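Chains as they are written, first to last, in the working numbering: chain A, 1 to 340; chain B, 1001 to 1340; chain C, 2001 to 2334; chain D, 3001 to 3334.
In short, the hints are calculated from the structure, not lab data.
Model, not experiment: these values are computed from the prediction.
Using N, Cα and C, we set each Cβ at its ideal position, and we do this for glycine too.
Incorrect hints may appear among the rest.
To be verified - Sample of chain A residues at the chain B side, in silico, Cβ under 8 angstroms:
no.	residue
1	Gln151
2	Asn189
3	Ala198
4	Gly200
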Amino acid sequence: MTKGGNRLLLDLYRTMRRIRTFEERVNELFVRGQTAGSMLHMSIGEEAISGVCRAMEQSDSFTTHHRGHGIFIARGADPNRMMSEIAGKADGYCSGKGGSMHIADMGLGALGANAIVGGGIPHVVGAGLSYRNRGLKNVSVAFFGDGASQQGILYEAMNMAALWKLPVVFCCINNQYGMGTRIDRAAANTNLHERAIACGLNGVAVDGGDVEEVHEMSERVLDSARNGRPGFIAMTCYRHFGHARLDKSPYRDEAEELEGRKRDAVLNARAKLIERQTSDAASLDSMDDEVAKEMNAAVEHAIAAVPPGQDSMFRDVFAMGEPQPRPLRQHLSSILGEAR
Amino acid sequence: MTKGGNRLLLDLYRTMRRIRTFEERVNELFVRGQTAGSMLHMSIGEEAISGVCRAMEQSDSFTTHHRGHGIFIARGADPNRMMSEIAGKADGYCSGKGGSMHIADMGLGALGANAIVGGGIPHVVGAGLSYRNRGLKNVSVAFFGDGASQQGILYEAMNMAALWKLPVVFCCINNQYGMGTRIDRAAANTNLHERAIACGLNGVAVDGGDVEEVHEMSERVLDSARNGRPGFIAMTCYRHFGHARLDKSPYRDEAEELEGRKRDAVLNARAKLIERQTSDAASLDSMDDEVAKEMNAAVEHAIAAVPPGQDSMFRDVFAMGEPQPRPLRQHLSSILGEAR
Amino acid sequence: MAAIETTYRDALRQALIDAMTEDASIFVMGEEVGRYGGAYGVTKGLLEMFGENRVVDTPIAEAGIIGAAIGAAMTGSRPVAELMYIDFAGLTMDQVANQAAKSRYMFGGQIGVPMVLRTQGGTGRSAAAQHSQSLEAWFTLIPGLRVVMPATVNDAYHLLRMALKHPDPVIFIEHKALYVRKGELDVDNPDGAWGKSAIRREGTDVTIVTYSKMVFESLAAAEALAGHGVSAEVIDIRCLNPLDDETFITSVMKTGRAMVVTEAVMTSGFAAELSARISERCFDFLEEPVVRVTGEDIPIPVSPALERGAVPSAQLIAETGLWLVKRIAPSWAA
Amino acid sequence: MAAIETTYRDALRQALIDAMTEDASIFVMGEEVGRYGGAYGVTKGLLEMFGENRVVDTPIAEAGIIGAAIGAAMTGSRPVAELMYIDFAGLTMDQVANQAAKSRYMFGGQIGVPMVLRTQGGTGRSAAAQHSQSLEAWFTLIPGLRVVMPATVNDAYHLLRMALKHPDPVIFIEHKALYVRKGELDVDNPDGAWGKSAIRREGTDVTIVTYSKMVFESLAAAEALAGHGVSAEVIDIRCLNPLDDETFITSVMKTGRAMVVTEAVMTSGFAAELSARISERCFDFLEEPVVRVTGEDIPIPVSPALERGAVPSAQLIAETGLWLVKRIAPSWAA
Ligand SMILES: Cc1ncc(C[n+]2csc(CCOP(=O)(O)OP(=O)(O)O)c2C)c(N)n1
Ligand SMILES: Cc1ncc(C[n+]2csc(CCOP(=O)(O)OP(=O)(O)O)c2C)c(N)n1
Ligand SMILES: [Mg+2]
Ligand SMILES: [Mg+2]
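Isolated chain A (complex conformation) (with noise of 0.2 angstroms):
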């Protein structure tokens, strides 16, 4: 039991939920043909991430990659907002032109949400020597995936982390799949802290079923960051189902899903508060509802939700103020029309 105790794991259990109850939701938006696009990475089976988020400062900043649902969920964005954006419409995080993968609620330390395998790996390096240089006590974490693990911009940022001291963590979701290529089949050494560790960080692996473990390890990580160590969580879990929505992942067994899928940090959780009494089923039932509401709920609201206008388009290229790109048929007016 870690130092929050069970009052904790509870907390990190509603959040849990929380999580995989809006990635089935966003599914049910795709079922009722409401998502811009079927681009869309569920974070089911790495809901221990919750685990690191709580670990980390309000004023922590934080870069995540194509499955970022789920840390934005832990860090306390809105659902509803969330849901809108995957839907595409103008009220969602990114005015409906990021989408499933760009959600990013800039309020909560985000600095982006990349769907470039290992994009925003580097910034967090930025990030630390912005708070250095500032004397800030701030810690700038980069979340991506294990197939990330292969881009050799992480070598590049992990060399500049540890040699500047930075305040700065990898994470490393390792949920066993780049798409359809299981780890081994993509590193040769699949321990991948080891590398962080001969790169010079302070490297560990937890395991992504037990999100106490996580979450103690990541304090101790962020702490040993904050105080100029950088660190490198390797976060071993199982990615439940499919790469993205429409994929059926026909190229692993369904013993080996099986098998993966008993790496649940919800299921584990739960087992463990009522195990320890700090709970019982139906007070969990109950929770499970409630999250259950709030998540429907975000589904209505993105599906009434208006779409962006037209004009919009040309928003936001570049800051308020200055010039912005020219529309084509502004243009071609100024070609073909009466006043050329």
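With the hints as your guide, set chains B, C and D with the ligands onto chain A.
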């Protein structure tokens, strides 16, 4: 003493002397105002790479970096054509198109000489795939500097080599500096081979002051690679002079330089040859003189050689027989000429 | 063999199968090309047919993949490296532009890099700003690269077959929205030689110069224009390098009016090059300025309606054509 | 303060010093910017003045450097990231084009990336194919980036100062052959506002639109043309994005003839964009086609004579101008 014995050491001494003298003559060519530009990177202090090259088979391939002269001499390149290339002349290895940083002799197994730090590293992975696919027993070796060890591409390449068990060796010539940056200001962990080990390679460190050690270790690592266990050799040496011809290394102090230059594989080999009575000072001197004559001749050759004709500019952008780019003047004629 | 109806995807796949069967030095590598069968299914079944040595699933490491392909090409193999989305090209541009493109020249003709980089771009799947770009102009800027963008099923097959016999690096750019499109494949009859344009529709009033998916939007526009009495000639350039200037120049000399239609943004897109060349060479024949109809100068938004609005539609092309030829302004220009 | 004579390099250096003195959030990072003082000496002395936190020597890891700069810009700093040669941009294009350029848009305006990427390009040092390119068009293709290419000493200073107040990512491209060039610096008087062209020489017969080092080749050509009775107007566009169309369009409407002069290759270079825009907007005013005088479509060879021959000279520009205006063909066109 390695298995080749003293006879081998004498050979290696001669190769190393040829490298050093060649580089000294490049300097002279520059002073005489005959080089194409001043981006001339000398390999003085790195002559022990001769030991790596000696461990390679004739049919093995390799890529080099911007400081590749020594490697080409060790592989048996023609100093005349090298010097001509440095002078930008038509009979240079690259017909006067490449220059010092791009000297390459494909007849000797070269796959290119790169002025992009790290640029040539992944090519050996592809060569390894080629060999594997065609059942060839060759190895491909990437030569690069310590500075290149901070480039992400190295980790991508190492991981692929290890994952696919390719006949590939990464040879890092750790001359302690990337331009003005000493390795301890560029990497948190300066034991560069440890990163390779963490990626699943056979990583070793060797003393670049001792060509016999370099040769012996290289034989082992290459042998292993030939049998499907890719390797990494970090050869520790010292860049005796500036980064390029015009750099006087103001960023490092004399004491360090004096100490650093003590790591001198050429002088060490010479001392050993005398000590072991394989040779005496007089006969080594006369060997050196012979080398000096050869390299003097290369300088005169390069100066006398003719520059490439302006037309050659449009050759070799694409394969012979394929459409080449249209010269600007032809294009202008098609617009402004009478026939328009 | 007679022509058969098939999809763009299957034509590409067939080209790979035929080429790999014919030439043992060809192998395919990239993310998810093997067990997964390719993100867009082009390489489905190849692993079973050709085995793991010739269908290589790679880690996610785009620069390394292209770099490895270069090394393989330099040592006697003919790699087909798949870059899952052209948007990831930014990770590979050093290997593409400084290595693959320049090796032959920089080393004085000593070595070549006969590789094909297959990738796909464009909009149509609400895949947002990092998965929907049209970046062909990054490649056309670099001497030493061939750049091919097939629109039709027959070209998908034949241009890929030709690319796989080519001595220099070929950037082969497919369009994600074309994979399921059907068309005629005649394995014995390419639509034209490597580097030659195809006139997809003949016309007399205006020349539309285009490539990739915009060929179909342009053809639909030409059809609509015909209804207004405007006869449009539609030229599919197919290869951006080598570029067949002569076909479109001859056409514009005949029609006296030209539109260049691309999905890429306007600024610095390949339409600029085409427009400049037409104006240079057809100056004395042009009745009106050459007009570019292109994507908006913005990143691609995820919202389906915005995404559609960000690139040219058949309607926009037709409206612009009518304006250009008949001086009938579209409603939005009132 | 009165104008002083100084070099392009020192003007850049002064801009950094003044900006860093004024704004504590600005810091410089890159390879060899500190102890070494910059590969071309622009940052010499800054380490001593501002300390290690604000002048950060980095490992050789271009993608990481730009990525770090982006993260710093997103968290309240204003980084100036130096990319030693624009030729290394290929390693960074993902960070530049997918991250820096798109973050504001993709996240619906929630965040900006106020960073300056300083780099340098061009020929003049026999640095061969991987150290001599003019790749500005890679950047101008990407919505969300500002692209600036100063030619004069005064612009080197003022445009960099302006860039360091700009809310969006600015790609600031210097020219390696200009660093030692002298000119007037007046810290109180910029040559014009951000995004506005400068007319470097007025003329009536032909408009030369250009930027960076080619401004000087063009001015020399204009001088030579004057000797032949041809009056050339030379416009230095300074900013490629935002682009001031109006100045050159107005000029061409006046002169009726236009040449676009750049060092970059012709195909897909920014000259194509400029040429297309001029032809689009000045169609009814042009007496002759817009002519591009650009670098050859080849990698840059190392041999000094070939290198010089690969890019436009004042003589070539003047010859072309004479041909364009007076129909006097140059000797090579006989
Ligand atoms: C640079 C880049 N390469 C490839 C892709 C395509 N792609 C999207 S997600 C993915 C797998 C990523 O695996 P991992 O990093 O483990 O994250 P996970 O999907 O498991 O969360 C791939 C290959 C991409 N989006 N970006
Ligand atoms: C991608 C890239 N970044 C930077 C440079 C500039 N540069 C040339 S050599 C060099 C130092 C390389 O150091 P190292 O790899 O140790 O090789 P060494 O020069 O010591 O042989 C640098 C930074 C370059 N040529 N390419
Ligand atoms: Mg994964
Ligand atoms: Mg070094």
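Find the hints from earlier in the document that the structure breaks and name them by number, from lowest to highest. none
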